[in-house]
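Peer 1: Each chain is listed here by its residues.
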Amino acid sequence: MKLLKTLAPAVALIALPSLGLAQDAEAAPDVNPYIFTTLLFLIGGFLVFWMAAGFAMLEAGLVRSKNVTMQLTKNIGLFGIAAIMYWLIGFNLMYPGDGWMISGYVGPFFSITSLEPVGLAAADASLDYASVGSDFFFQLMFCATTASIVSGTLAERIKLWPFLIFVAVLTGVIYPIEASWQWGGGWLSEAGFSDFAGSTLVHAAGGWAALAGALILGPRIGKFKDGRTVPMPGSNLALATLGTFILWLGWFGFNGGSQLAMGTVGDVTDVSRIFANTNMAAAAGAVAALILSQALYKKPDLTMTLNGALAGLVSITAEPLAPSLFGALLTGAVGGLIVVVTVPMLDKLKIDDVVGAIPVHLFAGIWGTLAVAFYTGNWGAQVLGIVSIGIFTFVVSAIVWFILKATMGIRVSEEAEINGLDMSELGMEAYPDFTKG
Amino acid sequence: MKLLKTLAPAVALIALPSLGLAQDAEAAPDVNPYIFTTLLFLIGGFLVFWMAAGFAMLEAGLVRSKNVTMQLTKNIGLFGIAAIMYWLIGFNLMYPGDGWMISGYVGPFFSITSLEPVGLAAADASLDYASVGSDFFFQLMFCATTASIVSGTLAERIKLWPFLIFVAVLTGVIYPIEASWQWGGGWLSEAGFSDFAGSTLVHAAGGWAALAGALILGPRIGKFKDGRTVPMPGSNLALATLGTFILWLGWFGFNGGSQLAMGTVGDVTDVSRIFANTNMAAAAGAVAALILSQALYKKPDLTMTLNGALAGLVSITAEPLAPSLFGALLTGAVGGLIVVVTVPMLDKLKIDDVVGAIPVHLFAGIWGTLAVAFYTGNWGAQVLGIVSIGIFTFVVSAIVWFILKATMGIRVSEEAEINGLDMSELGMEAYPDFTKG
Amino acid sequence: MKLLKTLAPAVALIALPSLGLAQDAEAAPDVNPYIFTTLLFLIGGFLVFWMAAGFAMLEAGLVRSKNVTMQLTKNIGLFGIAAIMYWLIGFNLMYPGDGWMISGYVGPFFSITSLEPVGLAAADASLDYASVGSDFFFQLMFCATTASIVSGTLAERIKLWPFLIFVAVLTGVIYPIEASWQWGGGWLSEAGFSDFAGSTLVHAAGGWAALAGALILGPRIGKFKDGRTVPMPGSNLALATLGTFILWLGWFGFNGGSQLAMGTVGDVTDVSRIFANTNMAAAAGAVAALILSQALYKKPDLTMTLNGALAGLVSITAEPLAPSLFGALLTGAVGGLIVVVTVPMLDKLKIDDVVGAIPVHLFAGIWGTLAVAFYTGNWGAQVLGIVSIGIFTFVVSAIVWFILKATMGIRVSEEAEINGLDMSELGMEAYPDFTKG
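Protein chains in written order, with our numbering: chain A, 1 to 437; chain B, 1 to 437; chain C, 1 to 437.
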């Protein structure tokens with residue numbers, strides 16, 4: 001710089017060609033924020049996709065071996081249906097502006113022009129945001145997650161097709177409507193409700209849908225007997241642990257991607273905080289559940305520990321950015337404790353939740369959503385969101401479950417349930433070479 | 001801007017230092033496209049690597065428990081050998097210009113200079129592309145995928161070492177040659193053939209090699225008996241489902257990375273479309289197979305559903321960018337239907353394909369490659385590519401299988417097959433603590 | 001350019017507005033290197049996180065079925081504790097400048113200001129580096145990896161809580177101190193020691209801690225009998241293989257992320273070389289172990305092959321950047337051979353290492369660290385690092401193990417060990433539906 005100043009008069013003309021370069025720079029705006037944010041959606045999206053595998057493994061590990069094939073079938077089926085329904089109806093319902101109006105909506109289906117045309121140029125792009133395709137991909141995965149929550153609670157007794165029809169309604173209509181209240185710029189967001197990545201919009205909503213189903217479907221045969229809860233241990237805890245680790249990994253995308261931007265120093269730094277906080281909450285939830293289960297039952301409980309980690313994750317999801325690491329630890333630890341305390345509570349109420357999805361996703365989701373008010377101060381708005389989404393999701397889900405029960409029936413026969421859904425409904429065992437105990 | 005214009009004369013000299021900055025800018029070209037595209041190869045590459053685990057789990061889950069250790073050994077062995085052979089011979093054969101000539105090829109091995117020197121400067125890099133190391137890493141994974149396809153079909157009866165020798169030839173010579181016809185800038189690409197990410201070059205090619213092997217190796221003992229096909233159910237459907245989810249996840253890298261560029265708005269937007277379409281095709285394949293298996297057999301079939309998802313993925317691989325989401329749905333759904341229809345067809349032909357790799361990778365691969373012509377209009381070029389690669393891969397594979405059969409033998413003894421390859425060939429059970437049924 | 005030069009006098013004033021743009025550019029420095037490097041830490045970090053799942057699956061697969069629940073509990077517990085201890089003490093101890101002093105450390109815990117404030121602006125960021133949050137996230141995962149190594153060796157006989165207390169000391173104090181000698185800018189780094197991603201700092205250190213534990217804890221009942229080693233085969237080789245593939249995948253983050261920068265052409269190109277070399281070393285380790293086990297025992301050995309891949313990964317970790325692909329192949333292959341040779345050696349010494357973690361992480365770690373001297377020429381510094389970290393980690397670990405043994409005891413009762421830790425300590429089987437052989 002110093003050198004240049006002294007040479008300034010001399011270089012005036014020589015330097016002029018570089019003016020041309022500066023003009024080029026003017027013609028070529030900075031496309032990098034667009035690329036970074038799109039990349040965030042793609043990475044976040046594939047990580048949240050991976051959570052579908054996590055739910056499948058967790059649930060397959062926590063059901064008895066006679067129902068594993070069915071649980072796997074439900075999980076891959078529900079993801080396929082969610083992907084189709086969210087495209088067919090959900091995304092448009094949730095983000096009317098983005099889906100329907102942006103670019104020549106054609107007929108009842110997303111046309112090619114609903115995503116960006118092949119060969120999009122910088123001049124055509126909204127350079128402070130990201131590609132619609134990446135956004136759709138990312139949001140779809142959240143919708144599918146909501147459905148995955150339901151399948152665990154209702155395992156080992158619900159029929160396949162009524163369950164999948166419920167999933168179609170949940171992912172095509174129920175979730176998109178309630179989520180649009182907040183993320184579609186709806187009335188809840190205007191009321192000051194805050195739910196960063198979906199403790200309520202995704203997790204509690206899934207939990208409410210599951211609870212409605214559990215009440216209408218009833219518990220498994222023999223689960224509650226003479227005032228006692230009969231343990232029905234999961235058939236493969238290695239799978240359940242794998243599922244938990246998969247969900248933990250996917251959650252970095254779930255929460256980190258929900259920053260919705262990565263193209264500035266501030267945004268990528270926030271994504272980093274979110275990653276660190278998300279991990280801390282999960283760790284704290286696992287450790288808290290491990291210690292509390294040791295204290296209460298004198299024996300550490302692996303499934304409680306796994307669900308504790310998941311509850312920690314659900315808890316931090318409503319606000320993974322604002323807390324310090326210590327705040328994230330507290331938020332997650334409380335989530336873990338909630339699971340250990342509420343799992344037996346559900347048993348007392350004779351609500352049969354096979355994998356503990358209601359404590360993990362609904363109860364910890366409510367806690368996490370409430371805890372946001374420690375940072376925003378707006379307790380009223382948080383309660384409003386929790387209650388309104390709870391009532392809507394629970395009531396509409398219950399109506400759908402009732403209709404399904406009244407029309408096609410939702411429960412397998414007593415004989416099929418006792419023999420296991422795998423042989424009676426599918427004719428295919430998950431582990432045919434191993435003798436059952 | 002407005003302010004500056006009025007001040008222009010006054011700031012002329014003051015502003016001159018910033019000319020220096022502009023000159024710096026000239027010296028420092030935009031390196032970001034290079035970084036973005038390299039990053040695409042790295043992320044895409046590790047996702048496709050992950051598919052090796054997916055194939056291992058899918059195949060280990062679909063063989064009987066007495067052959068699981070062998071199937072796992074084959075899968076990790078084949079990846080190791082593919083990685084070495086593609087480096088030793090394959091990459092150079094496939095991209096002669098990139099591998100051999102770029103930068104001081106030394107002796108029979110890739111020298112250090114074949115990848116970029118440590119500390120590469122912007123001035124030395126081709127800034128509109130990516131690092132050779134990332135490209136090699138990415139392409140290697142495609143080569144290994146081709147080999148993974150073969151191991152599933154030939155499971156439960158082929159000897160380990162002849163199989164691995166075949167893999168060495170396939171990954172070192174056969175795949176690189178046929179892939180070079182298209183991706184190495186060869187005659188097929190000049191003939192107008194189009195195969196975006198390898199429905200034919202990778203998947204059908206693997207399927208042809210598997211078919212050749214299956215015909216020469218023959219079916220498992222007892223598989224076809226008195227004109228009837230004897231079911232030999234897989235030992236662990238949870239693993240098979242996990243493998244399918246892994247493959248689905250990895251496929252985002254497989255197809256998305258094949259855009260081969262991420263440094264512009266257009267490219268990253270195209271990658272996003274590819275992600276969304278790839279997911280849609282998989283979902284549609286799964287749902288189509290689930291519904292068709294229900295319709296045909298009155299019972300939903302999990303393994304058909306898993307293979308349906310994979311067939312959807314294979315189908316969209318030849319053209320994941322051009323279709324609308326609805327087009328991707330149709331492409332994938334047809335793939336899923338093909339699987340349900342052709343699996344029993346192979347049985348009738350007494351071709352024993354243990355995991356269904358031929359329907360999934362060969363038949364759906366042909367469908368996907370043909371379907372490209374809906375977008376390009378060039379049916380002739382698509383047929384040319386399918387047929388030429390089919391004949392080449394099948395014939396050369398058959399020759400190699402025949403030589404192996406004639407020299408060292410490719411099939412285990414009858415006794416070993418009946419007792420299971422794990423104990424007879426390896427002396428190591430996969431699940432030693434569980435009683436076999 | 002040419003055109004502009006001839007027009008130069010005429011455009012002088014017209015071009016002046018673009019001077020303003022150049023000034024804007026001066027005000028807005030290039031934030032992309034900061035974003036790229038932060039992204040490298042985030043991607044690298046979630047990949048290394050995934051290794052925790054890999055260790056859990058590998059170890060759950062290699063223990064007998066009666067100890068699987070306990071092994072899973074240990075693995076999720078140790079990760080939770082590592083995450084908390086590294087935050088509470090470790091990170092500050094390892095990087096005193098970054099953790100304690102940067103930004104208003106408050107009390108005994110990381111305050112909110114220890115990570116970046118929400119909404120960090122470009123002006124506040126160190127633009128040639130990355131966010132502290134991403135760095136913390138990334139480094140934490142290395143600390144947890146060290147603990148994961150220990151759990152495998154001591155499986156099937158150690159009590160849960162003493163093990164977790166050891167983990168707390170290891171991750172809060174021991175690892176951070178020895179790692180600070182090199183990565184915290186300590187005396188070893190000044191002495192010229194070189195350990196790129198932690199062959200010694202992470203892997204050998206974990207191995208030394210495991211060795212100390214194994215010596216003090218003693219072998220499993222019945223493992224060494226009448227001068228003979230009794231095989232105790234792992235209960236689920238499919239899980240063990242999955243764990244190996246997970247670790248292999250995670251290692252791309254482990255080594256690639258250790259480049260610690262991705263914002264220049266040189267850095268991203270180096271990351272690419274690291275990916276390619278890491279993969280080659282793993283492949284070579286697997287193939288070498290497969291071939292050597294065939295040669296020595298006349299039967300290929302899957303667990304040797306898995307450990308061979310891991311040993312290849314550990315070996316290349318000390319220097320994944322400098323070697324050519326052929327160099328990486330040699331380094332990894334030697335690692336694989338070391339495993340096959342040293343596993344029986346440990347048996348002869350009656351050191352009971354359930355999963356082979358000492359050969360893989362300690363012996364191959366020493367080899368990989370030594371091999372760096374082929375590139376640096378500084379053998380003395382490499383030996384100094386290996387020995388000093390070895391003595392420190394082994395001695396301090398041994399002291400901690402002794403204290404734990406003397407106070408609360410570290411070993412379960414004989415009866416508990418024979419019946420299996422799952423039922424005796426946890427009251428929960430991992431596979432309750434399957435009859436044990």
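Hints are not guaranteed to be accurate.
Which copy is meant is left open, because identical chains are indistinguishable; a pair holds if it fits in one copy or across any two.
Simulated crosslink set (SDA-like; lysine to any residue; CA at most 25 angstroms straight-line) [as the list claims (entries may be wrong)]:
hint : residue 1 : residue 2
1    : Lys225    : Gly377
2    : Lys348    : Val387
3    : Lys350    : Ser189
4    : Lys299    : Asp433
5    : Lys223    : Met423
6    : Lys348    : Ile165
7    : Lys299    : Gly192
8    : Lys223    : Leu127
9    : Lys299    : Ala416
10   : Lys405    : Ala295
11   : Lys299    : Val169
12   : Lys298    : Met423
13   : Lys405    : Asp347
14   : Lys348    : Phe374
Since the hints were made in silico from the structure, they are not lab data.
Peer 1: Now tell me if each hint is right for this structure.
Peer 2: Hint check results:
1. Taking the shortest alpha-carbon separations for Lys225 and Gly377, neither the intra-copy value of 46 angstroms nor the inter-copy value of 67 angstroms comes in at or below 25 angstroms.
2. For the identical chains of this complex, Lys348 and Val387 are intra-copy neighbours only, at 24 angstroms inside a copy versus 59 angstroms across copies, given an alpha-carbon limit of 25 angstroms.
3. Within a single copy, Lys350 and Ser189 get their C-alpha atoms no closer than 36 angstroms, and across copies no closer than 62 angstroms, so neither meets the 25 angstroms cut-off.
4. In the homo-oligomer, the alpha carbons of Lys299 and Asp433 lie at most 25 angstroms apart only across protomers (21 angstroms), although the nearest pairing inside one protomer, at 32 angstroms, exceeds that limit.
5. Taking CA atoms no more than 25 angstroms apart as the test, Lys223 paired with Met423 passes in both settings, with 21 angstroms inside one copy and 22 angstroms between copies.
6. Proximity of Lys348 to Ile165 under the C-alpha cut-off of 25 angstroms is found in neither arrangement, the shortest distances being 30 angstroms within a copy and 35 angstroms between copies.
7. Taking CA atoms no more than 25 angstroms apart as the test, Lys299 paired with Gly192 passes in neither setting, with 44 angstroms inside one copy and 49 angstroms between copies.
8. Taking the closest pair of Cα atoms, Lys223 and Leu127 never come within 25 angstroms of each other, the shortest separation being 56 angstroms inside a single copy and 59 angstroms across copies.
9. With identical chains, the CA atoms of Lys299 and Ala416 are at most 25 angstroms apart between copies only, with a shortest distance of 14 angstroms across copies and 35 angstroms within one.
10. Proximity of Lys405 to Ala295 under the C-alpha cut-off of 25 angstroms is restricted to the inter-copy arrangement: shortest distance 22 angstroms between copies versus 42 angstroms within a copy.
11. For the identical chains of this complex, Lys299 and Val169 are inter-copy neighbours only, at 23 angstroms across copies versus 42 angstroms inside a copy, given an alpha-carbon limit of 25 angstroms.
12. Taking the closest pair of Cα atoms, Lys298 and Met423 come within 25 angstroms of each other only across two copies (13 angstroms); inside a single copy the shortest separation is 38 angstroms, beyond that limit.
13. Only within a single protomer do Lys405 and Asp347 lie at most 25 angstroms apart by alpha-carbon distance; the minimum there is 23 angstroms, versus 40 angstroms between protomers.
14. Proximity of Lys348 to Phe374 under the C-alpha cut-off of 25 angstroms is found in neither arrangement, the shortest distances being 32 angstroms within a copy and 60 angstroms between copies.
Violated hints, listed in ascending order, are 1, 3, 6, 7, 8, 14; each of the other numbered hints is respected by the structure.
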